[in-house]
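Asks: In case you want the letters, here they are:
Number of protein chains: 2
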Amino acid sequence: MVQAAVGFAQKNRARFVDELKSLLRIPSVSTLPEHAGDVRRAAEFVAAELRRIGMENVRLIETETKEHPDGHPLVYADWLHAAPAADGKPKPTVLCYGHYDVQPPDPLDEWKSPPFEPEERDGNLYARGAVDDKGQMWMHVKALESLMSAGGGKLPVNVRVIVEGEEEVGGEGIAQFVREHGDQLKADVALVSDTEMFAPELPTLCVGLRGMIYTEIEARGARTDLHSGMYGGAAPNPFVALAQIIAKLKDADGKILIPGFYDKVQKPTDAELKAWKALPFDEEHYRETEVGSSSLTGEPGYSVLERTWARPTLDVHGMPGGFTGAGAKTVIPARALAKASMRLVPDMTPAEAFAQFKAYVESICPKGIVLDVRLIHSGDPIVVSTDNAFIRAATEAMREVFGKETVFVRGGGSIPIVGDFERELKVPTVMMGFGLPDDNLHAPNEKFHLANFHRGIESIVRFFGAVGA
Amino acid sequence: MVQAAVGFAQKNRARFVDELKSLLRIPSVSTLPEHAGDVRRAAEFVAAELRRIGMENVRLIETETKEHPDGHPLVYADWLHAAPAADGKPKPTVLCYGHYDVQPPDPLDEWKSPPFEPEERDGNLYARGAVDDKGQMWMHVKALESLMSAGGGKLPVNVRVIVEGEEEVGGEGIAQFVREHGDQLKADVALVSDTEMFAPELPTLCVGLRGMIYTEIEARGARTDLHSGMYGGAAPNPFVALAQIIAKLKDADGKILIPGFYDKVQKPTDAELKAWKALPFDEEHYRETEVGSSSLTGEPGYSVLERTWARPTLDVHGMPGGFTGAGAKTVIPARALAKASMRLVPDMTPAEAFAQFKAYVESICPKGIVLDVRLIHSGDPIVVSTDNAFIRAATEAMREVFGKETVFVRGGGSIPIVGDFERELKVPTVMMGFGLPDDNLHAPNEKFHLANFHRGIESIVRFFGAVGA
Chain A
1 MVQAAVGFAQ
11 KNRARFVDEL
21 KSLLRIPSVS
31 TLPEHAGDVR
41 RAAEFVAAEL
51 RRIGMENVRL
61 IETETKEHPD
71 GHPLVYADWL
81 HAAPAADGKP
91 KPTVLCYGHY
101 DVQPPDPLDE
111 WKSPPFEPEE
121 RDGNLYARGA
131 VDDKGQMWMH
141 VKALESLMSA
151 GGGKLPVNVR
161 VIVEGEEEVG
171 GEGIAQFVRE
181 HGDQLKADVA
191 LVSDTEMFAP
201 ELPTLCVGLR
211 GMIYTEIEAR
221 GARTDLHSGM
231 YGGAAPNPFV
241 ALAQIIAKLK
251 DADGKILIPG
261 FYDKVQKPTD
271 AELKAWKALP
281 FDEEHYRETE
291 VGSSSLTGEP
301 GYSVLERTWA
311 RPTLDVHGMP
321 GGFTGAGAKT
331 VIPARALAKA
341 SMRLVPDMTP
351 AEAFAQFKAY
361 VESICPKGIV
371 LDVRLIHSGD
381 PIVVSTDNAF
391 IRAATEAMRE
401 VFGKETVFVR
411 GGGSIPIVGD
421 FERELKVPTV
431 MMGFGLPDDN
441 LHAPNEKFHL
451 ANFHRGIESI
461 VRFFGAVGA
Chain B
1 MVQAAVGFAQ
11 KNRARFVDEL
21 KSLLRIPSVS
31 TLPEHAGDVR
41 RAAEFVAAEL
51 RRIGMENVRL
61 IETETKEHPD
71 GHPLVYADWL
81 HAAPAADGKP
91 KPTVLCYGHY
101 DVQPPDPLDE
111 WKSPPFEPEE
121 RDGNLYARGA
131 VDDKGQMWMH
141 VKALESLMSA
151 GGGKLPVNVR
161 VIVEGEEEVG
171 GEGIAQFVRE
181 HGDQLKADVA
191 LVSDTEMFAP
201 ELPTLCVGLR
211 GMIYTEIEAR
221 GARTDLHSGM
231 YGGAAPNPFV
241 ALAQIIAKLK
251 DADGKILIPG
261 FYDKVQKPTD
271 AELKAWKALP
281 FDEEHYRETE
291 VGSSSLTGEP
301 GYSVLERTWA
311 RPTLDVHGMP
321 GGFTGAGAKT
331 VIPARALAKA
341 SMRLVPDMTP
351 AEAFAQFKAY
361 VESICPKGIV
371 LDVRLIHSGD
381 PIVVSTDNAF
391 IRAATEAMRE
401 VFGKETVFVR
411 GGGSIPIVGD
421 FERELKVPTV
431 MMGFGLPDDN
441 LHAPNEKFHL
451 ANFHRGIESI
461 VRFFGAVGA
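As you go down the protein sequences, you meet chains A and B in turn. For the first sequence, position 262 matches number 262 in full-length UniProt numbering, and the numbering has no gaps at all. For the second sequence, position 427 matches number 427 in full-length UniProt numbering, and the numbering has no gaps at all.
Some clues are possibly wrong.
[Unchecked claim] Facing chain A, a subset of chain B residues (Cβ under 10 Å, in silico):
hint, residue
1, Lys11
2, Asn12
3, Asp109
4, Pro200
5, Arg210
6, Thr224
7, Gly232
8, Asp263
9, Gly318
10, Gly325
11, Val370
12, Asp372
13, Val373
Calculated directly from the structure, the hints in this document are not laboratory data. Only a predicted model underlies this, so the values are computations on that prediction, with no experimental measurement involved. Even for Gly, the Cβ is constructed at its ideal location relative to N, Cα and C.
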């Protein structure tokens, strides 16, 4: 059945890509209210396809949270009729997770082809969401279709599918659903394809993720915008204040100065550190081709992989307010914002990290300035166990497709749902992703290497087969 | 003749305000390219009125500078037929200066009535440009009309009028014209109404102005926008870099840390400092009603008037780049900007100040960041002499209108043209302005107190009379 499903997938490659393109044309940018209709269209697109391929109980589940009162819907589907094994034991249930929302596409002028008009170039498919996560989520759907088709409408395992539309805005909707209706997602393992391979041709499982807190610091000075000629020297300047605050958050080397911030940080195991050293990683090549800056930054004494996988970091994403047009406006703005986030590692908790951040920022607030320090969203850091049958099934599946041993890495980004699955559903997650390091996630010219799209589908088909065997 | 002109102005008050409203409806925002047509319409509006009231040689003079290749036009007019005095001596020539361009109106949502729909409330006229400088420039035109009308088409002095459309973007067009065609502006004194009265009912002449340099610091890190989860801890962050730079430009007290920046600063004379101490200034009232911040900032050891009139200052106006929308985008932007300006006082020069700024900023550039430090525009600081017949004529004119002695103050803002007139044309400037401290220049809800509009016209009529006597 697995071999027939692989054959089906191979024969239908062109159609699978065409369908993905249709999905990518929907600008489902979850953070921008003006795209709410598009986000819903993307949900309906996914639901319709799950229904078409033979999944059951397909429905949209509305979400409503404090953060997003008009939340974007979850897409749910299941198929729970896998024949028990010869010994009568029921087959395991796999919970497939993905997200259909995408990051905003700006800056638009840096895209070579428009972000919502998918274009194939050099074996890659370029579009916002190509790899994060529409393309990878679509691999799940297409693997299920291939198995359904080869199995005469049956799957080798029980499957539930949950696809969210708020991953890029914190995912509070699905987190709340998992907390309140975990029974509807009962499973033995979760499968998440929202990560990348460490290098081309190198099958990779991600076994650790950083958590995060995304914050806004709002600084208010004068009651209204003032003329910097008339009031410069007397009125507090919110941008200068934010600069003074930000400059005290990290030292010149990149060490975070928030008191207590590193207290709970766990060092990776010696075995893990040793394995990371063996990975094919060339720091100079990484600087040159991936980052493209004159030099790298970060805490001295740690390798790049340690700094991005196993150390907390702090970044500023934008500083709205004041005058941002071309030319000159001599204003002392009444208020300014800094959007700052911190990545967390085990055993830090978002709640404690935010409390430390807020207390410290408030303690260094410059004269004449009033601050409002807000938590926009957060996610737990996690490390998953590598010692279970599902991880073994995944490595086996990828070995067959790639002909190579799988490497275990961590990811620097956050997939908060993995922590929720672990904590609320008590299920381990297999993070089997097929992105590449140069896929430009969250940046202009995001792409998905199409060979990996197809290898991903085959790997997932084989994973289901191995789990069901 | 002067008395008849004052009578004419009083009879035509309503019409004068209506005309000003028509001018204020034209959104002549010089810094925004999309308003170029509006800026020209405002120039044509002013030229048409100068022609109608009987001024001669009225014309638009196109400007073209490196900064603004498609510059906004100057409006020129003259009337040079004043009858010589009884002893045969020719009457002096007054050069009236104003500007018809305005600052951008943002943030729009803080305006109580739309910025380009003038509205009268409580004796004030609210609109962008009401006082800076359309309303004050219009006082000149209406004073000339009143004198023309009372004098049967004649004025008591020779008059040239030059009105620019680039004051809010650096005024390089008029500066170039003054340098290259100074002979066309030959005069004995310049009259500038672009300043304010120190307090309501207190006739004020401004005798000193701060200069300025307006700069942009562009910081570039990675080649493209990167995901802060994947690259946080390795990729340089341009916002963090700009924050580190800005935090080193001023200390916590507001002292500028740029080496050599204060070297050329001249202390005001003891007489000037004594006069400032005698001005009706209540720091707590100023903090509460004008600034509205929890406390004032600035260099310790200097009064607010010294800090805003006679000390250099540094402000940040906006920090474009990165993600500024609602919600969260976890991007490490490839580039970010800081718009920063410094106010200069005698005897600082913009060229030296910018060189010091640029060298210092480059010397503290953080690792992994490439900087581009640009000068957007600049203006000289100036102090004008108070010992001449024109200043005496102005104080006399205002004493008649206000019934009070005139106070001499400085302004914290910049009117670069005053320096150009002094340097290139060798003429002193009388800065007789009728704004009020709470007029919200460059801010939402800009206004002009209409009583001051009318008293300004009368004062200018009397000034022309006194100069011609």
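Asks: Against this structure, judge whether each hint is valid.
Replies: Hints, verified against the model:
no., hint, result
1, Lys11, "violated, 35 Å"
2, Asn12, "violated, 31 Å"
3, Asp109, "violated, 12 Å"
4, Pro200, "violated, 16 Å"
5, Arg210, "holds, 6 Å"
6, Thr224, "holds, 5 Å"
7, Gly232, "holds, 4 Å"
8, Asp263, "violated, 18 Å"
9, Gly318, "holds, 3 Å"
10, Gly325, "holds, 6 Å"
11, Val370, "holds, 6 Å"
12, Asp372, "violated, 13 Å"
13, Val373, "violated, 15 Å"
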